[in-house]
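Asker: Taken in sequence, the protein lines are chains A and B. Residue numbers for the first sequence follow the numbering used here, beginning at 1 and rising by one. Residue numbers for the second sequence follow the numbering used here, beginning at 244 and rising by one.
Treat the hints as calculated values from the structure; they're not laboratory data. In this text, all values refer to a predicted model and were calculated from it rather than measured experimentally. Mixed in with the good hints there might be a few duds.
Unchecked claim - Straight-line Cα separation of at most 16 angstroms, EDC-like style, residue types lysine to aspartate or glutamate; simulated pairs:
id: 1; chain 1: A; residue 1: 184; chain 2: B; residue 2: 267
id: 2; chain 1: B; residue 1: 301; chain 2: A; residue 2: 200
id: 3; chain 1: A; residue 1: 23; chain 2: B; residue 2: 477
What the hints assert, rightly or not - To be clear about the criterion: a stretch of chain A counts as covered by chain B if any three or more of its residues have a C-beta under 8 angstroms from a C-beta of chain B, and this derived list gives those stretches:
id: 4; segment: 21-34
id: 5; segment: 37-43
id: 6; segment: 46-55
Glycine included, every Cβ here is placed at the ideal spot set by N, Cα and C.
Below are the chains, spelled out letter by letter.
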Amino acid sequence: MSFVLIIGAKSDMAKETARVYAKNGYNLYLGARNAKELENFKTDIEVRTSVHVELLEFDITAYDTHQKIYDGLKEKPLGVIVVSGYMVEQKLAQKDWDESLQTINVNYTGAVSILNIVANDFEKERRGFIVGVSSVAGDRGRKANYIYGSAKAAFSAYLGGLRNRLYESGVSVLTVKPGFVDTKMTQGLDLPEKLTAQPEDVALDIFNAQQKGRNILYTKSIWLLVMLIIKHIPEFIFKKLSI
Amino acid sequence: MNLVSWGMYPIVKNHQTTLRDEEELKEYMQNTSEFIPFGNGRSYGDSALNDEILYTKKYNNFISFDEDKGLLTCRAGVLLSEILDSFVPRGWFLKVTPGTKLITIGGAIASDIHGKNHHIEGCFSECIKEFKIMQADGEIKTVKKATNLFYATCGGMGLTGVILEATISLKKINSQFINQTTIKTKNLQETFDAFEEHKDLPYSVAWIDCLAKDENIGKCLLMVGDFADDGDLDYKSKSKLNIPFNLPSFALNNLSVKAFNWLYYAKAPDGVSTQKVGIDTFFYPLDSIKNWNRIYGKNGFTQYQFILPKETSYEGLYEILTKISDSGKGSFLAVLKLYGKSNKNYLSFPIEGYSLALDFKIEDGLFELLDELDKVVVKHNGRIYLTKDVRVSKETFEAGYPMIEKFREFRKKNNMSEKFNSLQSKRLNI
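All chains, full assembly: derive it from the sequences and hints.
Answerer: Take a look at the structure:
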């Protein structure tokens, strides 16, 4: 069975996604920094299923390593899922350039670096799927979260362009826009229950949307409506709001 | 954050911490004066609720599986449903499973759950080879059978520490189907006779019509069965219906329960019939309706489950069924079950005899009725199941569990009494 490459595999959302793909028979490359910390998780998947799991040392901001790592895969993946994300408090990112840069690099620059390589390969082979986990935060800049949000906005735009380019080659590109998700990244935040998804539900949504060849996925789906409203508030009003 | 258990009563405003790794837990243990572990929230009452809870469901890695011995080791947050998804297709099933697969391994141990085969296989603790638990001082112990910590923890309602991992033995199966026989009875005596007649079959459970009156009291559908042997293991768990919001509480009135009971009872042919049904249909009929607890409305519900020793079962059940029938308070589900011998665990629920479980929506006058039923239970030397309970009195509880003093002493001696507490343990001074 085919391999799926998951980048940023240490996050809760990535792990649940890995479990869903494994359950459906896909072998896995799990890419992350200090990948050996994923040994227990590799065992978890191997006990649950009979798929093959390989850990890859992968730093999304070490751009010059990406080509070599991708070329080194003994079997090219059928699909690539980029889940990497980096979010600090907005106030910290505003003050600290290094934090701003890290936010941009993990959420956008690094993703572009690896997906350029993947896209060239998939286009040539005329097969494959790409999933990018962006965020509803990229749909409109808000004072509470615009550095992270703008990096995700760039990533969403990139994925849109990629989808357009790869359409003719039969390669599907899915943009995932999660709202609040109950993960380690959001631990301690008081999230509204009705708007907050569990990572295992997001993972299932991603799998189903990807298998159906969909383009953009809001998860939970209520976020499609929420963002539709937020996007349509006129700027002269929006600039006065605190949401 | 507001938190409820399955009965949606009470609603507790509390703080939650997610269990992720041992080091973090050690620190949490030192810095937290009192808490209770919370798995998937399927116990009905207040046994996993407190101001501070440790949320364990995300601690859910599988660790190893020994194919030769059928031994699975996994972390305590793993759901039984996850085990089934992975292992039924490979020909393995749980030795003991309750009526829902949506509980964690940690919860299964803490409640020492039982299933339709208690009269043959006993409680969940029977299939545990060993487990790991973190104690109040942060030390992790590996606990084997026939030790005090084992007897205290299995059925100990999470009051002895945080269960981290367990090794359990699975049972070999050769089909995803159960050959089921359904027996329709006309009264309580016929029901008891049917149970006794089929007690050699591994699985049995009866669905009682609680609103039947007079000579029909105790009429039931008894379902018994065993795994088929057709080699078909192509198991996929059933997709779910959802109840997306709380139904208005009048949705479940006496009349609708009567109609439901009548339909359920009436659809079964008279006498004895046989069916071939899937694992989910046979073991977990209600799991296929997500959030089925919402049918009782926003005030929530409770499940009243008691067990009586065999020698007083008939008399006691007859008395209680009569009282319920007279009260007119509808119970959607009334499940009667035959139990085998009790084990040595301090607080495990089962004793040899019969247990009845009934759902009641929370409404005025309910707790008074349940207090009345308690008196009958105590009179007949029975006990109440803590995992379902939200309201029993300390006196009734103590009368049913003669080992409680031993458990209390054990908790005190090992510095557990202060650290691990639920609203229930405080209410009953467990």
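Asker: Each of the hints needs a verdict: does it hold here or not?
Answerer: Hints, one by one, checked against the model:
1. Restraint check for residue 184(A) and residue 267(B): the C-alpha separation of about 13 angstroms stays at or below 16 angstroms, so the hint holds.
2. Under the criterion of a C-alpha separation no larger than 16 angstroms, the hint pairing residue 301(B) with residue 200(A) is consistent with the structure, at around 10 angstroms.
3. Of the pairs offered as hints, the one joining residue 23(A) and residue 477(B) holds, with about 14 angstroms between alpha carbons and a cut-off of 16 angstroms not exceeded.
4. Given a C-beta distance limit of less than 8 angstroms, the hint that chain B covers the segment 21-34 of chain A is violated, as 1 residues qualify and 3 are needed.
5. Counting residues of the segment 37-43 of chain A whose CB lies closer than 8 angstroms to any CB of chain B gives 3, so the stated coverage by that chain holds, three being the minimum.
6. With 3 residues bearing a CB less than 8 angstroms from a CB of chain B, the segment 46-55 of chain A meets the requirement of three and the coverage assertion stands.
When the structure is compared with the earlier hints, a violation turns up for hint 4 alone.
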